[in-house]
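Each residue of the sequence shown is one higher than the one before, starting from 896 at the first, in the numbering used here.
It should be emphasised that the hints constitute simulated quantities derived from the structure, not laboratory data. Errors might be hidden in some of the hints.
Derived DSSO-like pairs: lysine-lysine, alpha-carbon spacing no greater than 30 Å straight-line [unchecked claim]:
{"hint": "1", "residue 1": "Lys1013", "residue 2": "Lys964"}
{"hint": "2", "residue 1": "Lys1245", "residue 2": "Lys1235"}
{"hint": "3", "residue 1": "Lys1021", "residue 2": "Lys970"}
{"hint": "4", "residue 1": "Lys1235", "residue 2": "Lys999"}
{"hint": "5", "residue 1": "Lys1245", "residue 2": "Lys1156"}
{"hint": "6", "residue 1": "Lys1053", "residue 2": "Lys1235"}
{"hint": "7", "residue 1": "Lys999", "residue 2": "Lys1013"}
{"hint": "8", "residue 1": "Lys977", "residue 2": "Lys949"}
{"hint": "9", "residue 1": "Lys959", "residue 2": "Lys1053"}
{"hint": "10", "residue 1": "Lys1087", "residue 2": "Lys1133"}
{"hint": "11", "residue 1": "Lys977", "residue 2": "Lys1261"}
{"hint": "12", "residue 1": "Lys1212", "residue 2": "Lys1053"}
{"hint": "13", "residue 1": "Lys977", "residue 2": "Lys935"}
{"hint": "14", "residue 1": "Lys959", "residue 2": "Lys1021"}
{"hint": "15", "residue 1": "Lys1074", "residue 2": "Lys1053"}
{"hint": "16", "residue 1": "Lys1261", "residue 2": "Lys1053"}
{"hint": "17", "residue 1": "Lys1261", "residue 2": "Lys1235"}
{"hint": "18", "residue 1": "Lys949", "residue 2": "Lys964"}
{"hint": "19", "residue 1": "Lys1013", "residue 2": "Lys1106"}
{"hint": "20", "residue 1": "Lys898", "residue 2": "Lys924"}
{"hint": "21", "residue 1": "Lys1239", "residue 2": "Lys1212"}
{"hint": "22", "residue 1": "Lys1074", "residue 2": "Lys1054"}
{"hint": "23", "residue 1": "Lys1013", "residue 2": "Lys1117"}
{"hint": "24", "residue 1": "Lys1156", "residue 2": "Lys1247"}
{"hint": "25", "residue 1": "Lys1053", "residue 2": "Lys974"}
{"hint": "26", "residue 1": "Lys1109", "residue 2": "Lys1133"}
Computed spacing ranges between beta-carbons, pair by pair [as the list claims (entries may be wrong)]:
{"hint": "27", "residue 1": "Leu1075", "residue 2": "Ile897", "range": "42 to 50 Å"}
{"hint": "28", "residue 1": "Gly1140", "residue 2": "Lys964", "range": "27 to 35 Å"}
{"hint": "29", "residue 1": "Leu961", "residue 2": "Asn1249", "range": "27 to 35 Å"}
{"hint": "30", "residue 1": "Asn1249", "residue 2": "Glu945", "range": "32 to 40 Å"}
{"hint": "31", "residue 1": "Phe951", "residue 2": "Leu1075", "range": "26 to 34 Å"}
{"hint": "32", "residue 1": "Pro941", "residue 2": "Gly1017", "range": "43 to 51 Å"}
{"hint": "33", "residue 1": "Glu1078", "residue 2": "Leu961", "range": "46 to 54 Å"}
{"hint": "34", "residue 1": "Lys935", "residue 2": "Gly1140", "range": "18 to 26 Å"}
A quick note: this is a predicted structure, and the numbers were derived from the prediction, not measured. Just so it is clear, CB atoms sit at the ideal spot from N, CA and C, and this is done for glycine as well.
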Amino acid sequence: MIKVINVISDTNIGGAGKCLLTYVAHADKDNFDISVVLPKNSLLKPHLEELGVKIFEIDAMSDKSLDYKAISQLKQIFKREKPDIVHSHASMSARIAARHTGCKVIYTRHSVFPPSPKISKGIGKKINGVVNNFYADGIIAVAEAAKQNLLDTGVDEKKIEVILNGVEPLNISSDEQKKLSREKFNVNDDEKVIAIVARLNPVKGHEYFLKAAKIVLESGIKAKFIIAGTGDIMGRLKQLSDELGISESVVFAGFVDDVEKLMNICDIQINASYGTEATSLSLLEGMSLGIPAVVSDFGGNPGVITSGENGFIVPQKNAEAIAKAIIELLSSDELMNSLKERSKEIFEEKFKANIMSKNIEAFYAKILG
896 MIKVINVISD TNIGGAGKCL LTYVAHADKD NFDISVVLPK NSLLKPHLEE LGVKIFEIDA
956 MSDKSLDYKA ISQLKQIFKR EKPDIVHSHA SMSARIAARH TGCKVIYTRH SVFPPSPKIS
1016 KGIGKKINGV VNNFYADGII AVAEAAKQNL LDTGVDEKKI EVILNGVEPL NISSDEQKKL
1076 SREKFNVNDD EKVIAIVARL NPVKGHEYFL KAAKIVLESG IKAKFIIAGT GDIMGRLKQL
1136 SDELGISESV VFAGFVDDVE KLMNICDIQI NASYGTEATS LSLLEGMSLG IPAVVSDFGG
1196 NPGVITSGEN GFIVPQKNAE AIAKAIIELL SSDELMNSLK ERSKEIFEEK FKANIMSKNI
1256 EAFYAKILG
């Protein structure tokens, strides 16, 4: 039995937390003893309890990668529990504590963003490489772009394993459920649905989504453009929608607690990120239902979408390219049907939750030799 303690500093449930929950749900409990360390009051706790996982809570590290108070508490847990592996998710404190208690250390790089010159050039890159190489026996990158980020900041390539995220397939809604969902999101019977699911942050590219919407609508296509998510730029985006004269065709859905219902009425999903994106979980969930996507060429998007197979990749910050791809998709039933079928096939081949879990456990075994 291999004993693994996961450590995550998140108090909310973000992408890293969702990936952890998915892994735990599909872990090989016969061969792996999995437990999790959380900061107190983390929203992950009740979900992990439902999965029957042993939980340790500490009064430190809330939403902090490095918290010196957490290091001593984590050391106590590791000395008492004697794990074979400590798997850190955005917690440098856990990596330090694990190294100093003799555990094997793995951490997952869940994000992709342009690295600062302070750690990607000159002496800064060398120092960052030394620190990260010392405090890790193995590193999981959730996309090729995440691996490149690590290499750009001095991390040893031999330590890195690319393991793509996986998700549970979404359930298919009944016709009655779809009708109710269309009514909820104010979608008329003759309208297509194009959605973007992302926090409302400038780097997620909502501005280009809205500008593309105007072009699509001017082409004569009837559609609703749904923005699912919350964030600081809600007011600015609503203002832009008004200025573009498309507010009647745009739905600001806010936080959507049941994304499955939205996805079931979605014809095309958009990801327009240009500042941070690893492997978008919403893209994977959409693929499980056969939803083609139009995505920017940033970060992990090209590792999920292949142009002409399950969607289209377009240049980042380019509303015209997004609109052109949407129009092409909605103008050809043959193309749309082909991409729908291939989307489901690629999901089954690469992005199912159990595939990710098996790959993680194979990496555990590799690190232990």
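Structure-based check of each hint:
1. For the proposed pair lysine 1013 and lysine 964, the alpha carbon gap of about 26 Å is at most 30 Å, so the pair holds.
2. The suggested pairing of lysine 1245 with lysine 1235 holds, with an alpha-carbon distance near 16 Å, which does not exceed 30 Å.
3. Restraint check for lysine 1021 and lysine 970: satisfied, since their Cα atoms lie roughly 28 Å apart, inside the 30 Å limit.
4. Distance check on the hinted pair: lysine 1235 and lysine 999 sit about 42 Å apart at the alpha-carbon level, beyond 30 Å; violated.
5. Distance hint between lysine 1245 and lysine 1156 is fulfilled; the C-alpha atoms sit about 24 Å from each other, no more than 30 Å.
6. Taking the CA atoms of lysine 1053 and lysine 1235, the gap is about 37 Å. The hint is violated against a cut of 30 Å.
7. Between lysine 999 and lysine 1013, the direct Cα distance comes to roughly 28 Å. Compliance with the 30 Å bound is thereby established for this hinted pair.
8. A threshold of 30 Å between alpha carbons decides the hint, and for lysine 977 with lysine 949 the separation of about 14 Å falls inside it, so the pair holds.
9. Restraint check: the Cα-Cα separation between lysine 959 and lysine 1053 comes to about 27 Å, which is no more than 30 Å; the hinted pair holds.
10. With a C-alpha separation of about 21 Å, the suggested pairing of lysine 1087 with lysine 1133 holds against the 30 Å cut-off.
11. For the suggested pair lysine 977 and lysine 1261, the alpha carbons sit about 19 Å apart, so the restraint of at most 30 Å is met.
12. Between the alpha carbons of lysine 1212 and lysine 1053 the distance comes to roughly 34 Å, so the proposed pair goes past 30 Å and is violated.
13. Restraint check: the Cα-Cα separation between lysine 977 and lysine 935 comes to about 22 Å, which is no more than 30 Å; the hinted pair holds.
14. As the CA atoms of lysine 959 and lysine 1021 are separated by approximately 24 Å, the hinted pair is consistent with the 30 Å bound.
15. Proximity of lysine 1074 to lysine 1053 is assessed by CA-CA distance (about 51 Å); at most 30 Å being required, the pair is judged violated.
16. A hinted pair counts as satisfied when its Cα atoms are at most 30 Å apart, and lysine 1261 with lysine 1053 qualifies at roughly 12 Å.
17. Distance restraint check for lysine 1261 and lysine 1235: the Cα-Cα separation of roughly 36 Å exceeds the 30 Å cut-off, and the hinted pair is therefore not satisfied.
18. Using a Cα cut-off of 30 Å, the hinted pair lysine 949 and lysine 964 holds, with the two alpha carbons roughly 22 Å apart.
19. The straight-line distance between the Cα atoms of lysine 1013 and lysine 1106 is roughly 35 Å, outside the 30 Å bound, and the hint therefore fails.
20. Between the alpha carbons of lysine 898 and lysine 924 the distance comes to roughly 10 Å, so the proposed pair stays at or under 30 Å and holds.
21. A C-alpha spacing of about 28 Å is found between lysine 1239 and lysine 1212, which places the hinted pair at or below 30 Å, so the restraint holds.
22. With a CA separation close to 50 Å, the supplied pair lysine 1074 and lysine 1054 exceeds the 30 Å bound.
23. Of the supplied pair hints, the one linking lysine 1013 and lysine 1117 is violated, its CA atoms being roughly 48 Å apart against a limit of 30 Å.
24. Between lysine 1156 and lysine 1247, the direct Cα distance comes to roughly 20 Å. Compliance with the 30 Å bound is thereby established for this hinted pair.
25. The hinted pair formed by lysine 1053 and lysine 974 meets the criterion: a straight-line CA distance of about 28 Å does not exceed 30 Å.
26. Of the pairs offered as hints, the one joining lysine 1109 and lysine 1133 holds, with about 14 Å between alpha carbons and a cut-off of 30 Å not exceeded.
27. Between leucine 1075 and isoleucine 897 the beta carbons are some 46 Å apart, a value that agrees with the proposed interval 42 to 50 Å.
28. Hint check: glycine 1140 to lysine 964, Cβ distance near 53 Å, so the stated range 27 to 35 Å is violated.
29. A hinted range of 27 to 35 Å for the beta carbons of leucine 961 and asparagine 1249 is consistent with their spacing of about 33 Å.
30. For asparagine 1249 and glutamate 945, the hinted distance range of 32 to 40 Å is not satisfied, since their beta carbons lie about 18 Å from each other.
31. For the pair phenylalanine 951 and leucine 1075, the supplied restraint of 26 to 34 Å is violated, since their beta-carbon distance comes to about 42 Å.
32. Remark: the range hint 43 to 51 Å for proline 941 to glycine 1017 is upheld by a beta-carbon distance near 46 Å.
33. Judged by the Cβ atoms, the range 46 to 54 Å given for glutamate 1078 and leucine 961 holds: they are separated by roughly 48 Å.
34. At about 49 Å, the CB distance of lysine 935 to glycine 1140 disagrees with the hint of 18 to 26 Å.
Taken one by one, the earlier hints fail for this structure at numbers 4, 6, 12, 15, 17, 19, 22, 23, 28, 30, 31 and 34, listed in ascending order.
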